[in-house]
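Visitor: So the protein sequences, as listed, match chains A and B.
The UniProt record's numbering applies: residue 1 is where the first sequence begins, and numbers increase by one.
The UniProt record's numbering applies: residue 1 is where the second sequence begins, and numbers increase by one.
These are computed hints drawn from the structure, not numbers from a lab.
Here the structure is a predicted model, which means the values were calculated and not measured.
We put the beta carbon where it would ideally sit given N, CA and C, even for glycine.
There may be inaccurate statements among the hints.
As the list claims (entries may be wrong) - In silico PhoX-like pairs for lysine-lysine, Cα to Cα no more than 25 Å straight-line:
id, chain 1, residue 1, chain 2, residue 2
1, A, Lys15, A, Lys81
2, B, Lys71, A, Lys87
3, B, Lys32, B, Lys58
4, A, Lys87, A, Lys15
5, A, Lys81, B, Lys98
6, B, Lys71, A, Lys268
7, B, Lys98, A, Lys268
8, A, Lys268, B, Lys223
Said to hold, decoys possible - Computed far set for chain B versus chain A, every beta-carbon distance over 10 Å:
id, residue
9, Phe15
10, Leu68
11, Asp130
12, Ala275
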Amino acid sequence: MNPYMSHDARILEVKDLTPREKLFTLRFVDPEVGANFSFRPGQFVIVDVRGFGEFPISLCSSPTRKGYLQLCIRKAGRMTKFIHGMKEGDIIGIRGPYGNGFPMERMEGSNLILVAGGLGMAPLRSVLWYAIDTGKYGHVHLFYGTKAYEDILFRDEVIHLLKHGEAMNCSVKLAYEVESPSCIYLERGFSDRVCRGVVTDLFRGEEFNVNNTYALICGPPVMYRFVIRELLDRRLSPGRIYMTLERRMRCGVGKCGHCIVGTSVSIKYICQDGPVFTYWDALSTRGLI
Amino acid sequence: MRYIKLPSENFGKFFNSLREWGRVYGPVKKGKVYSFQEVGDPAEMALDYNRTMLPPKKFFVGPRETILRLKNGHWEEETNVEPTVLFGLHSCDIHGLKILDGVYLNEPVDPYYLRRREATLIVGISCMPDEYCFCKSLGTHFAMDGFDLFLHELPDGWLVRIGSVRGHEIAWRHGELFEEVTDEDLANFREFEERRANSFRRELPQGGLADMLDLAYNSPVWKKYAEICLGCGNCNMVCPTCRCYEVCDRWTDAYGAVRERRYDSCFMENHGLVAGGHNFRPTRLDRFRHRYYCKSYFDPSAGYNCVGCGRCDEFCPAKIEHVGVLEEVRGSLQ
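Kindly produce the complete structure, drawing on both the sequences and the hints.
Guide: Written as structure tokens, this is what we have:
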């Protein structure tokens, strides 16, 4: 079996999330491939746009929702621009899933703090719905930092959880950087949970039961250091801090060398050893964050 | 291991017998440098070569190669591989291939690499170190496996070590070319190996090297050399264990495309680039240090990612010396 060969997947739905991001819902054309495809939140796939190239992207749907998979794709370059032009019914290639994903079994019974920045919401949405659907976890906090109201990914879902999250044992806090009438409206409605600022501002006044809580972080590289500091300040163990990282993986299977990080004592492949790492890993592997 | 002797006068016949197996590639002098090229006559080869510019990895992972071909909207695998004999590999290059094996033959197996590896017969040859070699320090100056046949120079022929069943088959089929090894041959073999061991001029002390380098992450020596470095990526191209590749799709006509992989270099600025324009290794210092760390990573099961072949030194236009940098970085800790 050639590991570089992708499987045909049909686009079932294309939905605009923001002016830059679209949500693609896909299903494998071959039912057997679809039936064999299972993943855990935090894993990624490689999207194959035949004749244009490949790029890695996190799965943003939950494995509890069978029969389809979803990818949130930002228009950033040549390939993603091409894919943004695709319509329902078109075929793209998918191979994977790759990487380790979040250790969902280990975290069962614990509270989860999901800290998302910008596009980092995509992989954490997979965890969010997995936790809500399975009901195997304690309270799920979502801290989401975004640039502006228009940039909130999965806005309907986020606002729905802002309003009705408690019934699902989930609470959402939102920080935005650029003011807009919609944000002010949200802030008025949920003054305790929506604020202007960055994602770390959402930690103000928060205390966690550190023995029964895991933190899962995904966001732009600059965010990790500040979020981790907030979590460590609240005495969360580095082993309970999971972060999912990004590199420009070409192969996804530990060959092409693009995602190698570390030094002479510890080399890691983000695609195989990650993309989910604990803060212990970051302490022992330079260059991880 | 089985040891036999190939007398000098039978060398030509032995070479021709390998041509029954497949196309034979050996070290050929081209201008000032050596290169593995197809050879039809043993006289074309320069068996006393020091090192080729491109290592044998080019036979298994090409500088630019097609992996998939798009036909009617579907990918088809490229499978054409022909039997090949690589003649005259040095021990360090055999070790280099073993490191590549560790990457490409690990699950999931790279089918292109595997097919070429299986279709290639490896004939090693003994060598004398020059001023760039430091393989002895890394334990890669002698190959215990990873070859089919290994020829050791004797005054009147070659002592042949047989390293695989395929090697046995060749020696078996052409048994008339070989002789049993005599005590005199063994004495000559030992004398050659001792002379060779004493000829190394460059050494890389390994004790605590990995930790020392990690501790010296902020050493000013990295910066000093990063400023001398031209960032050309030559060292990556000529390294027998560097294997970063980039994948590109290329249209061949209006309906067909190929997916190619090409050598990539961690010295190129876009190597550490990710979506959104963020770069994890934005400066030459970051990239320079990264390569040295990658080469000096010690894997308990496979050793270092460097085999001490000296190519990166010889072909560095800025004359940066691998061992020199590591020694200086380690020294900067005191």
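Visitor: Look at each hint and say if it fits the structure.
Guide: Status of the hints after comparison with the structure:
A hinted pair counts as satisfied when its Cα atoms are at most 25 Å apart, and A:Lys15 with A:Lys81 qualifies at roughly 15 Å. Restraint check for B:Lys71 and A:Lys87: satisfied, since their Cα atoms lie roughly 22 Å apart, inside the 25 Å limit. A C-alpha spacing of about 20 Å is found between B:Lys32 and B:Lys58, which places the hinted pair at or below 25 Å, so the restraint holds. Of the pairs offered as hints, the one joining A:Lys87 and A:Lys15 holds, with about 10 Å between alpha carbons and a cut-off of 25 Å not exceeded.
With a C-alpha separation of about 41 Å, the suggested pair A:Lys81 and B:Lys98 falls outside the 25 Å cut-off, and the hint is violated. Under the criterion of a C-alpha separation no larger than 25 Å, the hint pairing B:Lys71 with A:Lys268 is inconsistent with the structure, at around 36 Å. The straight-line distance between the Cα atoms of B:Lys98 and A:Lys268 is roughly 20 Å, inside the 25 Å bound, and the hint therefore holds. For the given pair, A:Lys268 sits about 24 Å from B:Lys223 by alpha-carbon distance, which is consistent with the 25 Å threshold.
With a cut of 10 Å on Cβ distances, B:Phe15 stays outside the contact zone with chain A, its closest approach being about 34 Å. With a cut of 10 Å on Cβ distances, B:Leu68 falls inside the contact zone with chain A, its closest approach being about 7 Å. Chain A leaves B:Asp130 outside its interface by the beta-carbon criterion, the shortest separation being 26 Å against a cut-off of 10 Å. Interface exclusion of B:Ala275 from chain A breaks down, the closest Cβ pair being 5 Å apart, not more than 10 Å.
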